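Kindly produce the complete structure, drawing on both the sequences and the hints.
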Amino acid sequence: MLKIDALTKRFGDKTAVDAANITVDQPTMIGIIGRSGAGKSTLLRMVNRLSDATEGSITFEGEEITSLRGAARRDWQSRCAMIFQQFNLVPRMDVVSNVLHGTLNKRSTLATLFNLYPQADIHKAIEILDRLGIAEQAPKRAEALSGGQQQRVAIARALMQDPKIILADEPIASLDPMNAQVVMQSLRDIHEQDGRMVIANLHTLDTARRYCDRVIGMRDGRIVFDGTPEQLTTGVARDIYGAGSDFSEAATSTEIETLDRSAAEKAYA
Amino acid sequence: MLKIDALTKRFGDKTAVDAANITVDQPTMIGIIGRSGAGKSTLLRMVNRLSDATEGSITFEGEEITSLRGAARRDWQSRCAMIFQQFNLVPRMDVVSNVLHGTLNKRSTLATLFNLYPQADIHKAIEILDRLGIAEQAPKRAEALSGGQQQRVAIARALMQDPKIILADEPIASLDPMNAQVVMQSLRDIHEQDGRMVIANLHTLDTARRYCDRVIGMRDGRIVFDGTPEQLTTGVARDIYGAGSDFSEAATSTEIETLDRSAAEKAYA
Amino acid sequence: MSAVDINMTKQYADDLFKRKRLIAFAIPTVILVYLTYIFFAFDVSGLAARANWQNAVTLASDSWSHKIHVTRDNRSGEISYAVEGERKGEYPQGERPDWVSGEEIITIDLGAGHIVRYLPENRTEVEIPGYPLIEVQAEGRTVTSNLPADLPDWISASSRRIGITTPEGRITLTGARTEVFNYFPGWELFWFTLDSPYHGVGLGQILFGEQIDPTRSNIAGAVFDWWNNKMWRHKDVAWAICETILMAFLGTMGAAMIALPLAFLAAKRFSPIMLLRGATRRLFDFVRGVDALIWTVVLARAFGPGPLTGALAILITDTGTFGKTFSEALENVDQKQIEGVSSTGAKPLQRYRFGVIPQVVPVLLSQVLYFLESNTRSATIIGAITGGGIGLMLTQAIQTQQNWEEVAYYIVLIILMVMFMDWLSGWLRAKLIGTKD
Amino acid sequence: MSDATMTGPAQSVETIQSSYLAQVQRRRLYSGLALLVFVVLMASGFHIADDRNAGGFWDGLHQIGDYPADVLSEAWEKRTELPGLIGKYYPALIETINIAAVATLIGAVGGLFLSLLGTRGLAKWPRLIPLFRRISDVMRAVPEIVIALVLIFVLGGGPVPAMIAIAIHTAGALAKMFSEVAENADLKSVEGLASTGATWSQRMLLGVLPQVAPNYLSYTLLRFEINIRASAILGFVGAGGLGYELRNAMAWGPGRFDEAAAIFILLFGTIVFFDQVSSRYRNRLTEGQGQ
Amino acid sequence: QEITEFRIGILGGENAQDRMNNYECMVKYTTEALGVETKLFAPADYNGVIQGLLGGTIDMAWLGASSYAATYLQDPEAVEPVLVKVNLDGSIGYHSIGFARVDSGIQSLDDMEGKVFGFGDPNSTSGYLIPSIEIPQYKDGITMDSGDYFGEVKFTGGHEQTIVAVYNGDIDGGVTWADGQGNWEDGYNSGALRRAVDAGLVDMNELQQIWISNVIPEGPVVLRSALPADVKATMTQLVDELYENDPECAYGVAAGDTLGFQPVTHATYESIVAARQSVIGN
Ligand SMILES: Nc1ncnc2c1ncn2[C@@H]1O[C@H](COP(=O)(O)OP(=O)(O)OP(=O)(O)O)[C@@H](O)[C@H]1O
Ligand SMILES: Nc1ncnc2c1ncn2[C@@H]1O[C@H](COP(=O)(O)OP(=O)(O)OP(=O)(O)O)[C@@H](O)[C@H]1O
Ligand SMILES: [Mg+2]
Ligand SMILES: [Mg+2]
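Chains as they are written, first to last, in the working numbering: chain A, 17 to 285; chain B, 17 to 285; chain C, 5 to 441; chain D, 94 to 384; chain E, 630 to 911.
Mixed in with the good hints, there may be bad ones.
Below, in silico cross-link-like pairs of lysine to aspartate or glutamate (EDC-like), each with a Cα-Cα straight-line distance of 16 Å or less [what the hints assert, rightly or not]:
| id | chain 1 | residue 1 | chain 2 | residue 2 |
| --- | --- | --- | --- | --- |
| 1 | B | K140 | C | D18 |
| 2 | C | K92 | E | D827 |
| 3 | B | K140 | C | D9 |
| 4 | C | K71 | E | D827 |
The set of hints was computed from the structure by calculation and includes no laboratory data. Computed from a prediction, not measured in an experiment: that's the story for all the values here.
Have a look at this one:
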């Protein structure tokens, strides 16, 4: 299905992503881990074509993605939804409108400029919101929602695109543990029930282990690990995070119990 | 010396302080305890005349305080210094200027405008700062200091007023245990060495017990306890705090060891 | 701290305060020096001498009162009565104020014992309590009187003209005519001029009383006569106010509509071509720098006097101002929202519509509405230059230097108009953006 | 409605859908109506203005450049005299700037007092807050030209009436902006000073002013910019300075267009200069705040 | 060639409000005669009307002689003078009057040396153009440069302003217009001084004349040259016969007693044009 081949991105001297190779044969839930600056976001942004690759190629179902331009590129973006750490919603617009932005690519510019969407789309948007458990929030402004709810709106927008792939760039990094769990579970459900491919950048090991079928580890732009969650031992994790022997997994954890433990530890420190 | 007689303060329907009677014959260090909303701050603010009493009277060395107006009131305020939980310094001004504000009542506005403080006052300010152990900070801006240092600047300002009474409204509530100890000790020293009366609102029992000669307990605006620290048993404390048998003294403690224990407990809860 | 250290700290603090004092003294001193310079440059002392407080008193008393002239033409002997001495305020034939009496000898009672009598053969008697009776005879070009040589300061006299000013009224006597001005509080004829049948009729009677003018219904007639009142010209005033608001409205909104697309060209985020960006910005600076005043002058040649010229002058200047602030707002937009919208495959226009516009609209709108109010004030002045609106009426009324009650009326209206626009723009802002952002 | 969703049992998707659709319909209707009203206002407003103007918009459009062309061509012919003329009108320019500067200075002081007296928590006489607010509202509402013309009548011509007129308006305008800033000031230090027995003026001077000074200065500079324009335009209607010279030069017409051009250049240069300088300083002032 | 509306410009400065009212009858007649809507415009100063005539946004106006000269000098083709007002004595002229306060001790221009002198509007004939030519001829050594013979030379903005400024002592002496007939105490029979007296603005006892100019021709009623010939003819006839048909209206339009209007041509104003050219230069 998806083939990433020697994909490279350079910002000036800095190589953010360095000849990454990933091959995915069937819809999988993939977690990408790595410490800050490892190149995770850059990789996803290239897949969504928010930024251009410096070298290498991305192929999806035989179609070359990296060379798409203009309408073809936008068409690809509509098939490849993206979820951001900061949700990237339009805060002053209501929830349903934000979800409907997922259909922008399919609708004529003129109609959408005046916020004219077909009734069927509106109904579908509300159904998706219902599926994510936030249908009651439909008429509210996005900015009035809690972080977890906003992220679910972003997921709803992604689902509205009816995409083949959902890319999620640290979707739970700005959420508290409770909300993080809800959001990750939603992504997992979407993957399982709709059979969509999900690629999520995650900054904690245990989330990756718990929700993903496959984990990719990045370090300094290079892919240094690619395997099942089981293969991801503490040693490998140390390697990915470039940490010494003082590395404790709990430090990257957001799971609720772990968190409490670490907070208590900190308080005693 | 100080006689508070049936002092009452009402905010609309709400009676914040309800017919409080306190008589103090000689310079004492008094701690006022009580839970949030008990009326501690309101009481002190009336004594300093930052707010007017609804009923009752305050007499100091035979002088009626509650009825003072204008210059006479400001003169009383200069004899009755106040220290606040949030320090209430002028953050953008240097430390010495902040201390010198203690002499404002003696200076004309014009003199203040041109920073015409006598050299003797400036030197005295530095000596006070030195006494409190923060003379090095003299030229810095107040906002650049740590909380404990800022509170000591506030105490220095109070001392600069050369007051008969020092009122302190939860002087250590925003401080960490280390700094709290330094600040309380300073107040105690001032009381012992200069023989000034100190009245401090405290939100922890153990501080009151440790530093005060006399403890007053307030609840819902009324004085429900007035005695020596020894008389302040856990039963009495439960009464003051209106707590059930689950009341643990440690919950109100800020002493360093106690705190760590309770924080850890909370983290596990 | 050791004794040495603390002395050093003290020394340091002393220096600190010396510096602070220096600054504290320097700033007021500079300001004082500047004000002293201004005092001489503006010749403030001379001004105090030149100021005419009599004018101020006239202005103040005229603005809330009116006077009725009783004039005798000494050649024809004819006597006329007119409010403010204006033709439009003349009493209809056969009518006169009730404080005037007599046929052969016209007695004018100014009140408080001040009485003027127009005697036959152009003689006049003025009776003022506490002062001997003044007798004046007008002959040809000259006037003769029994006034002594040294006069109180409220009487001015020469062989050609005598003027008497009392708190009750004013009297002027020349060879050609004799005039008495009697002052009354209030704005006379504000509702109806003397030739209207509704003059002096109560509101109740107009609303519920019997028909006054057989040809018209009371209300319609009264409204018509009031609207077309020749003294106060309510219709023209209403039009002038509308014109002023119109200038502000057209100018502000037009400028906003032109500036918005241009602002995209001037914003770094949206306009990658440096040259184009620079050119747009210089254009904004230029039209703003030239200023509405000069634009008014330039446009007056092309479009002539009138509200459109004023509106265009506001429009051009504000295009520059809006262009600048709008492009600043555009540069501060949050990239996240744009990226969120782009990631769905939105087309460029859609990206602007949903990624950019919702973010900048509150900023732009509150700017525009703020300017709507302040432009109402500008339009008042610009109108005075281009010849339109309430500003022109005000300047001209002031230039006549006598219709102070009209000036006061216009001033009140202008203040109300500006306050109304202030309220309106605040209301719209709250409606459209929400009270606080 | 949002209350119902909060408290009531979870609604079915259908009801949410239909109520949202109803909301969308309503919103479309309102925004459609608002747009329509706006378009009608603009169109009819333009029509009325065009009608009441001596020359029509479309008739006049092509001759928009006539006047500047006349002025510029004559100025170009006599370009050698321009520097001399600029020198000749330089004193008038200084007068215009002085009017603006003094008016801003006085207005800022007035605005300062009005704002402090009209802000809750700071006011010396809290009961008089509405009074001071109304005073500043009225001062803000009076256009400068009104006061200037009346004062010219009483005081005679010259810079002082204009200066007073602008100062009054400035005080009102700044009072509003200042009190918005003062409302957000931190009152802790004021209370701290009060507890030492400081007078009201000492509290304001030491407790409030240091906090608000950068914003106040920035607004004052902005006002100075505006006041330079105001002072020029008032000169045009009778007060002194550059506006007065401009009006005369223009009235003379051809033959003296070089003078008009010189004044244009001076005025334009001054406005752009102060605009740039003040916006640079304002940025610096408000930046310093962020830290 | 058709016109859709007819626009009359009124010289501002002197209570244009009343002038607007005075011209209302004129509007009525014009609308009847031409069959198109007629509008009145009162720009704030002389220059406003001049610019309107030059820009083709005003069709007819009654100008001062100097304003006509200004228009002519900027574009000789723009307007043509058609009629001029006739005074009661049959003359078509008036005077520029220099005056000062009695208590200032100024008796003549000789006493004005070093004093502040005030003109009216720069486009005014009697308030600027003529005095600026004739006053320097009074004796050697007088120029109109500020700070030369006079201490300062100012523009007050208009006739009314000059009178008030002198009366208030803002300036020591000034010039304005009057017909020079009748009594000084009345402010002469007509003119700006008379109006000020009528308005109760000044007491002529306190003012005295210090200078008087030669006769200045009344300004012409002008029509824009580009108007269709029939419109011009209609309007000329209408104004010409106004006095005969409606004296009341003529009184309003001419701002005082008049014997009506008589035809005039550019030739009458050639000297004024030359004067203006010499003063302002072109
Ligand atoms: N627009 C850009 N210009 C220059 N350098 C960039 C840009 N975007 C990213 N980089 C650099 O590329 C490298 C990879 O960045 P990237 O955002 O992909 O890391 P990441 O793994 O997502 O980290 P994080 O967990 O902090 O989001 C970083 O060193 C970053 O500084
Ligand atoms: N300005 C005010 N207006 C209305 N009510 C007030 C005001 N100040 C205090 N109160 C009320 O008076 C009561 C006593 O307040 P006070 O601040 O004195 O309590 P406290 O004992 O100091 O509590 P804390 O420990 O929270 O500071 C509270 O119920 C409070 O809500
Ligand atoms: Mg990232
Ligand atoms: Mg408290």
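Structure-based check of each hint:
1. B:K140 to C:D18: Given pair K140 of chain B, D18 of chain C holds - Cα atoms ~12 Å apart, limit 16 Å.
2. C:K92 to E:D827: holds, 15 Å
3. B:K140 to C:D9: holds, 15 Å
4. C:K71 to E:D827: holds, 14 Å
Hint compliance for this structure: every hint is met.
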